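Those protein sequences? They're chains A and F, same order as listed. Positions 1 to 463 (my numbering) are the ones given, in order, by the first sequence. Positions 1 to 205 (my numbering) are the ones given, in order, by the second sequence.
Simulated from the structure, these hints should not be mistaken for lab results. As the structure is a prediction and not an experimental result, all values here were calculated from the model. Glycine residues also receive a C-beta, built at the ideal position from the N, C-alpha and C atoms. Among these hints, one or two may not hold up.
Just the calculated beta-carbon pair ranges, DEER-fashion [unchecked claim]:
(1) F:Ile13 - A:Asp456: 46 to 56 angstroms
(2) F:Thr24 - A:Ser86: 54 to 64 angstroms
(3) F:Val56 - A:Gly314: 31 to 41 angstroms
(4) A:Met65 - F:Val56: 35 to 45 angstroms
(5) A:Ala139 - F:Arg18: 50 to 60 angstroms
(6) F:Val26 - A:Gly314: 48 to 58 angstroms
(7) A:Leu404 - F:Glu201: 55 to 65 angstroms
(8) A:Gly209 - F:Pro11: 47 to 57 angstroms
If you want the building blocks of each chain, they are given just below.
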Amino acid sequence: MGLHETRYRGLLGWFDSRMPSVMNAFRDHMSEYYAPKNFNFWYFFGSLALVVLVIQLVSGAFLAMHYKPDAGAAFWSVEFIMREVSGGWFIRYMHSTGASFFFIVVYLHIFRGMLYGSYRKPRELVWLVGACIFLALMAESFFGYLLPWGQMSFWGAQVIINLFDSIPLIGPDLSTWIRGDFVIGDATLNRFFAMHTMMIPTILMGLMGAHIFALHDVGSNNPDGIEIKDHLGPDGKPLDGIPFHPYYTVHDLYGIAVFLIAFFAVVFFAPEMGGVFLEGNNFIPADPFQTPLHIAPLWYFTPYYSILRATTEGFLGWIALAVAGYGVLTYLSVRGMGLRIAVAAATAVLLALLVGPTHLDAKLWGVALMGGSTTVLFGLPWLDRSPARSMRYRPLWHRGVLALFVAAFFALGVLGMMPPNPLRTVISQVCAGVYFGFFALMPWWSRMGSFLPVPDRVRFAAH
Amino acid sequence: MPSDATAPEVPDIDRERRAALLATCVVGGAGCAAAAVPYIASWGPSEREKAAGSPVDVDVSSLPAGKMQVAEWRGKPIWILRRTPEMLAALRLDTDRLADPDSKRTAYPTPEYALHDPSTRSIKPELLVVVGICTHLGCSPSGPFPAGENPQLGDEAGFVCPCHGSTFDLAGRVFKNKPAADNLPVPPYRYLSDSLIRIGEDTKA
């Protein structure tokens with residue numbers, strides 16, 4: 001007959017005997033994917049990120065049906081959507097609120113990983129793909145923010161594209177290539193629309209698939225940071241695991257319901273969130289001759305933006321001091337002459353580029369540090385040397401270090417929304433030090449202190 | 001995959017076919033790389049945009065002392081500020097607070113004809129002509145502010161970039177320890193008559 005032998009009856013059986021891969025995938029990833037039974041609050045944000053992605057794809061597609069990617073028409077087509085398209089305001093506010101909620105959800109999702117060591121072996125690839133998703137999400141947001149063609153759209157894009165200008169040799173040509181013109185104009189808007197609606201969403205969806213595949217191959221981590229696959233029952237299933245479907249699908253539905261209450265509260269009652277989700281200056285059409293008196297990127301970029309802004313010529317000396325200290329510490333910690341020479345050489349090169357007679361500009365260092373502040377996440381699986389994955393079994397002061405990092409991240413975020421002044425610059429510089437110190441010194445601090453014994457099985461009280 | 005004892009043996013590799021396969025892949029790969037060129041090139045400025053950089057003429061006869069007018073050249077704001085004698089005098093006193101008082105850096109070279117007096121950076125001492133785009137990340141600074149009016153400038157007169165707080169004096173020179181390292185660029189320009197400035201073209205052209 002050539003039909004696949006099916007375990008289902010009726011219509012599903014007819015379907016499964018002809019195309020078994022659908023139900024195979026359902027079993028592999030849902031009904032027979034065993035997830036630890038002790039997931040807590042922090043484990044909602046993975047599925048919530050998927051929900052927000054769907055909201056963004058649907059609302060975005062409908063916005064694209066009315067939006068015009070033309071420098072002369074873009075701003076007014078957005079106003080047209082807001083005022084004249086039936087339900088247009090609702091679709092647009094869902095999309096703009098969705099952008100901010102995407103970052104809220106993703107930041108909490110990343111924090112969960114840091115809390116329970118979800119990036120540790122064997123989940124490095126899950127984490128690396130996740131870090132790529134984070135970068136793609138930032139690109140998606142950046143391209144999308146130009147589209148309303150308001151003052152913040154224009155000047156935000158101007159600043160970010162000019163970051164490339166500071167790259168030696170190829171910088172100016174590269175930024176002209178990105179803009180498609182010598183200034184931001186129609187060509188830039190048109191290509192950003194294509195990137196925002198076609199290229200990056202495609203990449204984002206591929207990465208999301210890879211993230212889930214990588215996760216399901218190794219299995220989920222849990223708040224105790226224990227491998228549930230180490231304790232299998234007689235049926236070969238993890239003793240501390242439960243099938244994702246129906247247990248976690250139902251559990252996540254509850255989370256989604258609560259999330260949507262918060263989401264639509266913002267959509268209906270505070271879509272601008274006091275100028276944080278939608279900035280006031282972006283309700284003024286783009287004017288290439290007039291930078292608004294105060295410009296700030298959207299809130300989710302401000303921590304990195306603060307780091308960029310804090311890197312002044314006078315700060316390079318302090319960075320050099322930190323690099324020198326770090327070089328000495330690393331030199332004393334690594335074994336083997338070859339490694340030590342490499343560390344000494346790298347430190348010397350960095351010092352020459354920071355404070356040498358022909359050192360690089362503070363501007364280029366600012367760009368490098370801003371890039372480093374987002375890409376440093378990639379290194380986390382190898383920087384963390386703690387014997388226990390989860391914070392639950394690490395010394396209590398490790399949570400203090402993580403809290404200090406989070407506080408510095410928040411402070412940088414708030415400072416990035418405010419106009420600069422000398423005091424705020426100094427605070428930003430201190431916070432930037434904490435931010436990078438957290439990662440750079442992790443190989444040392446993460447194994448210090450007394451660790452609690454990690455239990456064999458997950459801690460779980462049925463409720 | 002269940003092992004099957006009756007599966008046919010893998011035949012020896014046919015070297016001729018393998019060579020043909022490799023050659024096809026190499027040629028196909030080169031074709032793909034060549035096809036990428038027009039795609040990458042399509043992101044560059046179009047011919048229309050390249051042609052749009054022609055010079056503009058600006059009449060400054062009605063510009064009063066102490067005031068600034070803005071012209072557009074290549075989509076960028078060009079500032080023309082008529083400085084008062086007091087402003088010019090102040091430009092000689094702020095040298096030690098500037099990052100590059102003599103405009104010696106080469107990232108945005110200042111034309112020689114604007115450097116007869118490094119404190120004015122202009123052909124005619126009173127008329128400053130600069131591109132009003134911050135050399136840090138491309139915002140357009142605000143100003144000119146008189147001395148003591150803007151907290152970021154303190155006691156200096158000048159311009160303030162709203163994005164990252166770089167400050168410039170009334171010759172477009174950047175103050176020390178600010179995100180921008182370069183002075184505001186001086187565009188190519190020349191005087192067609194006493195009060196008519198052509199921006200985008202200088203006497204060498």
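ask   = Is the hinted range of 48 to 58 angstroms satisfied by the C-beta distance from Val26 of chain F to Gly314 of chain A?
value = holds, 54 angstroms
Supplied distance hint 50 to 60 angstroms, evaluated on CB atoms of Ala139 of chain A and Arg18 of chain F = violated, 41 angstroms
key: Supplied distance hint 31 to 41 angstroms, evaluated on CB atoms of Val56 of chain F and Gly314 of chain A   = About 39 angstroms separates the Cβ atoms of Val56 of chain F and Gly314 of chain A, which means 31 to 41 angstroms holds.
request  = For Gly209 of chain A and Pro11 of chain F, compare the CB-CB distance with the range 47 to 57 angstroms and indicate the outcome.
outcome  = violated, 37 angstroms
task = Using the beta carbons of Leu404 of chain A and Glu201 of chain F, state whether their distance is inside 55 to 65 angstroms or not.
result = holds, 57 angstroms
Status of the given 35 to 45 angstroms range, CB of Val56 of chain F versus CB of Met65 of chain A = Given range 35 to 45 angstroms: holds, Cβ gap about 40 angstroms.
ask   = Taking 46 to 56 angstroms as the hint, is the beta-carbon distance of Ile13 of chain F and Asp456 of chain A inside that range?
value = The hinted range 46 to 56 angstroms holds for Ile13 of chain F and Asp456 of chain A, with Cβ atoms some 52 angstroms apart.
query = For the pair Thr24 of chain F and Ser86 of chain A, does the Cβ-Cβ distance stay inside 54 to 64 angstroms?
reply = Cβ of Thr24 of chain F to Cβ of Ser86 of chain A: about 55 angstroms, so the range 54 to 64 angstroms holds.
This entry does not satisfy hints 5, 8, going by the numbered hints stated previously.
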